[in-house]
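Undergrad: Residues per chain, in single letters:
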Amino acid sequence: MALAAGAIFLAACGGSGDGDGPAIKPFTPNEPFDPDPYPSTYVAYPNAPVLITNATILDGEGAKIEDGSLLLQDGKVAAIGADLETPEGATVIDASGRWVTPGIIDNHSHLGAYPSPSVSAHQDGNEVSGPVTAEVWVEHGIWPQDPGFDRALAGGVTSLQVLPGSANLFGGRGITLKNVPARTVQGMKFPSAPYTLKMACGENPKRVYGYGNGSFPGGAPFSRMGNMAGYRAAWIKAAEYKRKWDKYSAEGGEMPSRDLELDTLAGVLAGEILVHMHCYRADEMAQIMDLSKEFGYKVTAFHHAVESYKIADKLADYGACSSMWADWWGFKMEAYDGIPENIPMVHNAGACAIVHSDSDIGIQRLNQEAAKAWADGKRVGIDVPIEVAWEWLSLNPAKSLGIEERTGSLKPGKMADVVIWSGNPFSVYTKADQVFIDGALMYDRADNSVRPVRDFELGQPGEGDMK
Amino acid sequence: MIRKLMASAAIVAVAALGASAQTYVVEGKKVWTGTDAGTIENGVVVIRNGTIMSVGPASTSKPEGAEVISAEWVTPGLISAFSRTGIIEVDAEDSTNDAVAALSGFSASLDASDGFNPDDTAVDVSRLGGVTRVAVAPQPSTNLFAGQGFIADTSGAQDTDLTSDAFTFITLGEGGAGLAGGSRPAAWAQLRAAFDDARAYPTRYIAGGEGDVLSRRDAEALAPAARGRQLIVIDARSATDLNAVMDLAESNRNLKFAILGADEGWRVADRLAKLKIPVIVDGFANLPASFSQLAATQENAARLDEAGVQVAIVNLDDSTHLARLMTQIAGNAVANGMDWDDAMKALTVTPASIYGLSGYGILAPGANADVVAWDGDPLEVTTNADAVFIDGEPQDMTSRQTELRDRYLSLDQTDRPYAYVKP
Chain A
63 MALAAGAIFL AACGGSGDGD GPAIKPFTPN EPFDPDPYPS TYVAYPNAPV
113 LITNATILDG EGAKIEDGSL LLQDGKVAAI GADLETPEGA TVIDASGRWV
163 TPGIIDNHSH LGAYPSPSVS AHQDGNEVSG PVTAEVWVEH GIWPQDPGFD
213 RALAGGVTSL QVLPGSANLF GGRGITLKNV PARTVQGMKF PSAPYTLKMA
263 CGENPKRVYG YGNGSFPGGA PFSRMGNMAG YRAAWIKAAE YKRKWDKYSA
313 EGGEMPSRDL ELDTLAGVLA GEILVHMHCY RADEMAQIMD LSKEFGYKVT
363 AFHHAVESYK IADKLADYGA CSSMWADWWG FKMEAYDGIP ENIPMVHNAG
413 ACAIVHSDSD IGIQRLNQEA AKAWADGKRV GIDVPIEVAW EWLSLNPAKS
463 LGIEERTGSL KPGKMADVVI WSGNPFSVYT KADQVFIDGA LMYDRADNSV
513 RPVRDFELGQ PGEGDMK
Chain B
87 MIRKLMASAA IVAVAALGAS AQTYVVEGKK VWTGTDAGTI ENGVVVIRNG
137 TIMSVGPAST SKPEGAEVIS AEWVTPGLIS AFSRTGIIEV DAEDSTNDAV
187 AALSGFSASL DASDGFNPDD TAVDVSRLGG VTRVAVAPQP STNLFAGQGF
237 IADTSGAQDT DLTSDAFTFI TLGEGGAGLA GGSRPAAWAQ LRAAFDDARA
287 YPTRYIAGGE GDVLSRRDAE ALAPAARGRQ LIVIDARSAT DLNAVMDLAE
337 SNRNLKFAIL GADEGWRVAD RLAKLKIPVI VDGFANLPAS FSQLAATQEN
387 AARLDEAGVQ VAIVNLDDST HLARLMTQIA GNAVANGMDW DDAMKALTVT
437 PASIYGLSGY GILAPGANAD VVAWDGDPLE VTTNADAVFI DGEPQDMTSR
487 QTELRDRYLS LDQTDRPYAY VKP
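Line by line, the protein sequences are chains A and B.
According to the working numbering, the stretch in the first sequence is residues 63 to 529, in order.
According to the working numbering, the stretch in the second sequence is residues 87 to 509, in order.
Fair warning: there could be bad hints in the mix.
As the list claims (entries may be wrong) - Listed next, the stretches of chain B that the computed footprint assigns to chain A, with coverage defined by at least 3 CB atoms under 8 Å from CB atoms of chain A:
(1) 111-123
(2) 176-182
(3) 404-410
(4) 418-431
(5) 459-473
Unchecked claim - If you anchor each label on the Cβ, the simulated ranges turn out as follows:
(6) Glu-489(B) - Lys-355(A): 30 to 38 Å
(7) Gly-412(A) - Thr-326(B): 20 to 28 Å
(8) Ser-180(A) - Ala-279(B): 24 to 32 Å
(9) Ala-301(A) - Asp-492(B): 41 to 49 Å
These are calculated hints, taken from the structure and not from any lab test.
Just so you know, even glycine gets a beta-carbon here, dropped at the ideal spot from N, CA and C.
Produce the entire structure from the sequences given, and follow the hints as far as they go.
TA: Here's what the structure looks like:
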């Protein structure tokens, strides 16, 4: 039995009928294991054609169209331009004075894994039992009834990456979701999006383990030296594991024993799982870039990356995105050098800049976070047009998740993940009026029947309120 | 109660000299006064000797030789009604965190001003955001009674204008329940007993007795609040907890309260208004983050305001390093229904009123000259404070953040390491 090496570690979540993404070969009993045992069951919700007219449109790829029209049809962006014909049966939305953008994509969320209410029973985002827990998958800890998803939707978020926490050197697999309400996590999974791996630098792993107050879990790492040794030891094991499976794929023989932790790490080495690494300090990011070269993988995005501005040139050369806050700083030592111009300075150096939230509050207004960074950049001479700056919110995060061919901009053929804003989305007074996901209207600020309420909020004070 | 921190005579002398002579004219296309004068188009604010001399239209007489600053908007300095700026440098580093004292034997007598450090980098960052005064509270550590809060300016000067014992801070709700032993009944038992201890101070302690909850020092510190002579800022979130605080207020009419959090305040807004209890809210709180915040909504501030409750707006998410985001939060309150003028008052007039800071939070003749010149609408996220005056003195507009920025703004290869680039 000969399998392509890729097939074994293939990490994509299976699409289920919406026709998007690469087809995944169904698992057969002859294969060693199912690479997609928890497949996406998400199918785009029914949608009629929608023609949005007279809008200021940011296409998400650097263009701004005044008095523009956007046609959503069959769940896709069908056309974008000045004057579009109205297809039969289309709903026409006059967006005079309003702005239209691609849906926001937050590539750093813990919604569902650290849901509201934040009670002790809901702390499912960190498997702190050891510094290397690449074997866990965050989707197994996501509660789809987290009301935070609805709040994010009201802020124009159409897709998001949920990551495990940053306690561990290797925290586990992350997952990309469509921000649609569903009874199951599978019903939210972005079809055929690659899996991701959460890793963490710096203070968190050494605090949680080495300095776990001398109690559980204790043990290494105690220091940043220990962090690096921990990553390297794990990659050595992963490389060995991958060699065994590659040999088995090519030559057959006795099937190697399976290891969940190493499945994921080998998937990274095979280039199928994208690495998202929590890393604050510039010097640490530089070490991690070298580490990745030592073991032959790539860091897709550094997260938080509060010191990216110090090495933005190196990040551009390497080709990693920085996923950043607009202005968080100072809450711990590795965040001490955070500055409000980080995002525009990274952009200015030609590196990939992303605005992320890591917060159930921040995710609700990432447009404002981008606006702050944009204005702070402008003040020091980094004058990024707003239509380019929007790439920080949609296209760049889509790239970091491997879904940029399918969403993240308003290019015809892409998923109709679209927000109609009440005005310029870089103003504090602007709100998302309507949010479309795959062409279906999932949120309407003016219509209570198109505002979701999760199970948890039913029968509670404030149910269905304007939140 | 103004207490000057220790400062060398030389620094004081220089500061005094600077303040005595200078006169400034701050012009704004819009001057928001916080008074009945409203917003003055093409307005002028004249500052002299730390005081606002006049506020008026373009025709207002401008003293000769005065330095003129022109801006889009001019407002009073912002006052953060609840912050930890100046007592925490880096939260996660205990050695730099003077907000919390889990191992202290004291509670109500913990005086946050003993931990105030005007060199704290967050002081500069707050000032650059237009915040000129901060109300700072300790964090509750061992029981409901966090200790004594203070009001300070954000000049960063060693002789910072600081009022200690400005209020006492108490935590109720879920947090208080946990601190008091595990339940709301435990919290209320502790609260009632502590108030009895404080009211019995010093009598029962002189007789050699002990308090049920408070040691002699803590009882002494809580006594002014327990006797209605000091403001009590009390943290409560749910409608039920808020009603419990209001029950306490109704049966103790002499006590002075302001409520922090009040996430479900809108549900009991009429009663809050009737009892004239002001609230200090974080307008971003709109999640059922706990079972005490189930009905939280971003419209809370607007609804409370509409009902006639005095509303101050703060950032509780990182009240230390990002107190300045109160402007963004107030802007969002406007987007969620709050009157713009009232949202501005929530950052100025109302905090001044809550803390009894007469002559602060407004632009009016005779008022203290804390003034901010902005490059746009102060509540807009793209707006920046261009100039800040505290006590009539123009402030340094650099911070450690601006220096880091300027060092790395150009990543062009230089002959020398960046450590030699000194902005």
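Undergrad: Please go over all the hints and tell whether each is borne out by the structure.
TA: Cross-check of the supplied hints:
1. 111-123: With 0 residues close enough to chain A, the hint is violated.
2. 176-182: holds (count 4)
3. 404-410: holds (count 4)
4. 418-431: holds (count 4)
5. 459-473: holds (count 6)
6. Glu-489(B) - Lys-355(A): 30 to 38 Å: With Cβ atoms ~33 Å apart, the hint holds.
7. Gly-412(A) - Thr-326(B): 20 to 28 Å: violated, 55 Å
8. Ser-180(A) - Ala-279(B): 24 to 32 Å: holds, 30 Å
9. Ala-301(A) - Asp-492(B): 41 to 49 Å: holds, 44 Å
Hint violations for this structure: numbers 1, 7, all remaining hints satisfied.
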